[in-house]
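**Q** With chain W fixed as given, assemble chain Y onto it according to the hints.
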Amino acid sequence: MLMVRKPIPKALQFSLGIASILLLVGGYTVFSHGRAVRQKEVAAQQLDNVRNLLSELLATPANELDPASLAKRQSKINDYEAQITRFEQESQTAFDRTVPTWSSLYHDGLLRVLSPQGLKKDQYWLAEDAWATFIRLISGLGVGVALSLIIGILMGAYASIESFFLPPLSFLAKIPPTAMMAIFFILVGTSFQMYVTMIAFGVLPTLAQSIYQSAKKDVPENLIFKAYTLGASSLELIWNVIYKQILPRLIDAVRLQIGPAMVMLVAAEWMVSSAGFGYRLRLFYQRTDMTVIFVYVLILGLAGLVADYLLTLLRRKLCPWFGD
Amino acid sequence: MRKTCLLALVACLAIAGCNTSKETSIAASADTPSFSLAWSEYPSWSVFGIADELGLIDGDAGAMGQLEQKHNVDIVLKEAGYDSCLNMFASKECDAVCMTNMDALIISPSRSAVAVLPTSTSNGADACLVTKNIADLEALKSHKVYGLKGSVSEYCFVRGIEKAGFQEADFEFTNLGPDVAATNMQQGSEEHQAIVVWNPFVLQTLRSAPNARVLFDSTEIPGEIVDMVVMGADSLEKPGAQEFIAAVCDAFYAVNQELEGDNSDQVLAALGTKFSNLELADMKTVIQQTQFYKTAAEGKALLNSDEFKTTMDTVKEFCESHDLVKGATIGFGSDAGEVNLKFDSSYLP
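Each protein sequence line maps, in turn, to chains W and Y.
Residues 1 to 324 (our numbering) are what the first sequence spells out, left to right.
Residues 325 to 673 (our numbering) are what the second sequence spells out, left to right.
Honestly, the hints are just simulated from the structure, not real lab data.
One or more of the hints may lead you astray.
Said to hold, decoys possible - Reference listing, derived: stretches of chain W covered by chain Y, where coverage requires no fewer than 3 residues with Cβ under 8 Å from a Cβ of chain Y:
| no. | stretch |
| --- | --- |
| 1 | 23-31 |
| 2 | 62-71 |
| 3 | 105-119 |
| 4 | 265-274 |
| 5 | 285-296 |
What the hints assert, rightly or not - A few chain Y positions that, by computed beta-carbon distances, are all more than 12 Å from chain W:
| no. | residue |
| --- | --- |
| 6 | A414 |
| 7 | D460 |
| 8 | E584 |
| 9 | S629 |
| 10 | E631 |
| 11 | D647 |
| 12 | S669 |
Predicted model, so just to flag it, every value in this text is computed and none were measured.
Using N, Cα and C, we set each Cβ at its ideal position, and we do this for glycine too.
Here chain W stands alone, though its shape is the one from the complex (with noise of 0.2 Å):
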């Protein structure tokens, strides 16, 4: 039996993460193909049944008939042989939307996003989106995250102010966000101030809960005595020691609550918005073209990672006392 917490060499650890990450990739492969082979198949039965009814139109005798339904026959002719057309075309060439192949995906999604679209080709999703989509999250973000630093360092230093907000936190944090996106509609409206609102007012609740819980129980009480010893005022001491204290813990909050963030955005995007990442992704929903849409949860997924990364990078960097 595998005893629990054996450690495994690191070339095993390397190619089981690459393994899994082939399979993945090997069963989408998979999958998109046999879908792809049964789109040219449909296409194909339904060229057999168009070739069928105009040969049966074909047999039937047309001299006998009067002008009007003469008419009638040729434009049905006419339209069986634009559909043989078309059908002979999509049998060789037809794929699948809903699970694109990797060609398409490429083809029909990244160089669509990638290339300028519209009218006057001056339109590039994937620039106008991200920015969209990135200046709504840092601004809110950010707001969200001043907010909570206030209270949270100040619920953790007086008792007063935390037996004050403890209360209101404790119950707004177990709102889910999304479910509170009606009311922000109505009051903020559905400007950019809205995505800031929702998204500061959002992760506001969790974000302060957990800067107060590290502001109470990270920083030992010597310093804190210590510090008053030395002569600090109070004020010294929140800076100087609380918050120093606690920056890593509020690097790790902030990063973990990006993800919460996001949801929200997509799904207010998704609804209100004419840029930005869910926007774009309802749009192709409702059409059911799955290429951009599986480009873009890609790009998101990626992002998040590379965001989680910098997260990391920089609390290492200003804390390096603090460890992994």
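**A** Chain Y only, in chain W's frame:
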């Protein structure tokens, strides 16, 4: 080094993000009246997205395209899903909205509305699709019919079966969003043998589900499902409202002319990408099934016709019997007085 890279990336994004204003636009002055129009992706409404791309109007706040300059009004375009557009209208987040005559009636008790510009009517764009297993309406009785309840889909369905001489009570209309219903039928779900959806889902389903066919569609009720631009009665009283409507109408008819002109294929394809992933050939079908009111004369003819008054009675009856609205009043013409929903052709050029 790393920092420089990051800065460069942010700078690139910033340039790309800010570089969306158009060359022909000018900045609006502080005293220019500003009005907002909410639109969702639909053939005759995506027209406003095209007008924005063509520079006829600039949808950004504070920027004015050609027609906005002509009428001295700043139009702010808000693109959102259809449901969100309706919510925005009801909560006065926008001055005007694109919606159907039926939804305008349903929403009118919460915000009095004036229909100023009919854009199109469904002439096959709403359809009841069935698989091979269902031969006729009689056979449909033993199957659930999926579609969005309280929407034009249900209206189209009920009107269709009534016209064929059947009773609504004999059928089971089950609530399901058109996107989900269409996807299920396309995936060959056993459960979803009959659906009522609108375009692009009608065409998409007919193309990707080999078994699917149209049982009946809105060609049986032409002029009953009307897409239009509706303005809040309160917004109409703001200064500049007349100019706003004039600019919106101008933009709509200008794009309609483009659709007839030399570049028609290109404009139609652009409309297609604003609306769905349908290609040019399919878009030609789409705009047949969604018949545009291409000129002001056609729009006036509809709003002033007696048939349309009868239609609105039918719609009202349907909405009241399905608990969608209670006691909303409808009026026609600019002298209709205080009503919830007014159809007024006097704003058309």
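**Q** When the hints from earlier in the document are held up against this structure, which numbers fail?
**A** Of the numbered hints, 1, 2, 6 do not hold.
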